[in-house]
Amino acid sequence: MTTTEPPAPVPAEPGPPVAKADAPAPRPAQAPAKERSGGVLNVFSHGMLVLWAFMVVLPLLWAVMTSFKSDRAIFSSPWALPDRLHFENWARAWTDANMSDYFLNTVLVVGCSLVGTLVLGSMAAYVLARFDFPGNRLIYYLFIGGMSFPIMLALVPLFYVVNNMGLLNTIHGLILVYIAYSLPFTVFFLTAFFRTLPNSIAEAAFVDGASHSRTFFQIMLPMAKPGLISVGIFNFLGQWNQYMLPTVLNTDPDKRVLTQGLVQLAVSQGYKGDWSGLFAGLVMAMLPVLAAYIVFQRQVVQGLTAGALK
Amino acid sequence: MQHGKYRFIVGFLALPLGLYALFVVWPFIQSIYYSFTDWTGLSPEFKMVGLDNYRRMLDDEIFWKSLQHSLMFAVVLPLVTLSLALFFAFMINVGGRRRRGGPVVSGVRGSSFYKIVYFFPQVLSIAIVALLFAFAYNPDSGAINSLLRGVGLGSLQPLWLGDPNLALWCVMAVLVWSTVGFFVVLFSAGMASIPTDLYEAALLDGAGRATTFFRITLPLLWDTVQSGWVYMGILALGAESFAVVQIMTTGPGGPDYSTTVLVLYVYQKAFRDGQAAYATTIGVALLVVTLAFAAVVMRLGRRERLEY
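Chains A and B, in that order, are what the protein sequence lines are.
Per my numbering, the first sequence starts with residue 1, numbered consecutively.
Per my numbering, the second sequence starts with residue 311, numbered consecutively.
Keep in mind that the hints are not guaranteed to be accurate.
To list a few chain B residues with every Cβ distance to chain A over 12 angstroms, as calculated [to be verified]:
1. 351
2. 361
3. 370
4. 371
5. 372
6. 506
7. 572
Residues from chain A that face chain B, not an exhaustive set, calculated with beta carbons under 10 angstroms [what the hints assert, rightly or not]:
8. 46
9. 52
10. 126
11. 127
12. 145
13. 151
14. 156
15. 158
16. 165
17. 168
18. 171
19. 223
20. 243
21. 278
22. 282
Don't read these hints as lab results, they were simulated from the structure.
All C-beta atoms in this analysis are idealised placements derived from N, C-alpha and C, irrespective of residue type, glycine included.
Could you build all of it, start to finish, from the sequences and the hints given here?
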């Protein structure tokens, strides 16, 4: 816990003199001393905050910069700015290095998995949250249990289950597995959410003659939209960034997803020594999520922290 | 509400539960069963061998090495990550200059900017982060060593991932880098719900920032910190550590199993060496370690719950 220990206060005033400006009147002797030590701490804390911000941004900027450099420049002067913007790196990565295919595969897999996860997850959560039937608790805890055990343990038999069903190295096999592994958290989150929705509207719809499923799809689901968005973002990021499942279940080079494809390229001798192309691919895979995060920043943070806070 | 209720329940539960049972629960049960066999994974034939795999595991030097590394991941990583995150979150939310007439508790200037930037690594795939840092650590042309040369520390050119004594720390540093931001945001949310009159009272009593942190913020945030520790530990034992270790150190680095963690060892035994049964045995050990870890943290962290 040494990092949380602030340094001893030193009597100095390095901060901008804002605090003083509006307080010219003399005050009790104790107050200015405290304010001064606050100034030093502020400098220290600002220093740490700025340093960490640099440490986060610098590797990302370095990657973007490198993706525009020639191979020779990458090796000779890694931190120099590119002599000119080598856009051909990006073009090469997109076509020759199959980034376009990986991208398409990822969009397809994640798109279908996300819809499937939300539909199936909300169906299960709705039933578990709002209907009383024998086994309700058991099924609920069965789902929840999946959040805490190491996926790796199940991965070996899973490989053979998927293999026996003829789903190995297929996109739809990957989608089904993604959905299954996203269900624990989704059910957990949405069950809590459906419990908070008022009963009266659903009952009114039922009295009006709507069936259970109609009530669900036309009334409850639209009401659950905020919850669906949060859990949807959580699942989107998780599935988009998934690496372990495709690595094991999807070894067909044509069906690789982004993360897997990039790692394969890097492993196979730096994509035939084409480091700049590799960096272009890396940045290509990073930018969409970063851009999405900056745009939907609030929802992303809500979606991601909602899970851990519960 | 009784009409067609059970048909509806079955109809809505069948598909999700079926998928979940087939792809998650069933393999999970199977793996425990397989750990008592000599199954290679390559052929469908196998026979029961009782506790042989477990005996072999106890004699397996690499198993103990990876267990040691995994435990390091579960203890050191959360400690460093959560300490950093607590410090940052405190500064961002509470550590601001106390202006006269302003709110009693405020963050430093630019706090929302920090919150946004710190979260960047969290949205990136851990696989992509691992790749990026594998390049940065490259001893000859990587960003880190050339930065050292640039600031006049050219004599200092560690091999990073190629040095068996450094490799594990390099890998852990990457996980810290990628997760601190998440906990900053998480703790910020927790700190926002601490009533300000507590801070006001502390301020009136003349408490400094350190006192405020250790006497007010940390105790009131304890539950969040504790669940954060469990969450981080499970990540560090499982999926996240697999990606970083496999991507960063199976090629150039991690010589002499110096970075192998349990989860990677499971993968290698199962999919590289064709020893599926033995792999699941190590997997069971990983499960036991994970559960024990969570239990210990919950136990050690138990404190009187503070109501506010």
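Here is how each hint holds up against the structure:
no.	hint	in the structure
1	351	7 angstroms, violated
2	361	18 angstroms, holds
3	370	17 angstroms, holds
4	371	21 angstroms, holds
5	372	16 angstroms, holds
6	506	17 angstroms, holds
7	572	8 angstroms, violated
8	46	6 angstroms, holds
9	52	7 angstroms, holds
10	126	7 angstroms, holds
11	127	5 angstroms, holds
12	145	9 angstroms, holds
13	151	6 angstroms, holds
14	156	4 angstroms, holds
15	158	4 angstroms, holds
16	165	9 angstroms, holds
17	168	12 angstroms, violated
18	171	15 angstroms, violated
19	223	17 angstroms, violated
20	243	4 angstroms, holds
21	278	8 angstroms, holds
22	282	6 angstroms, holds
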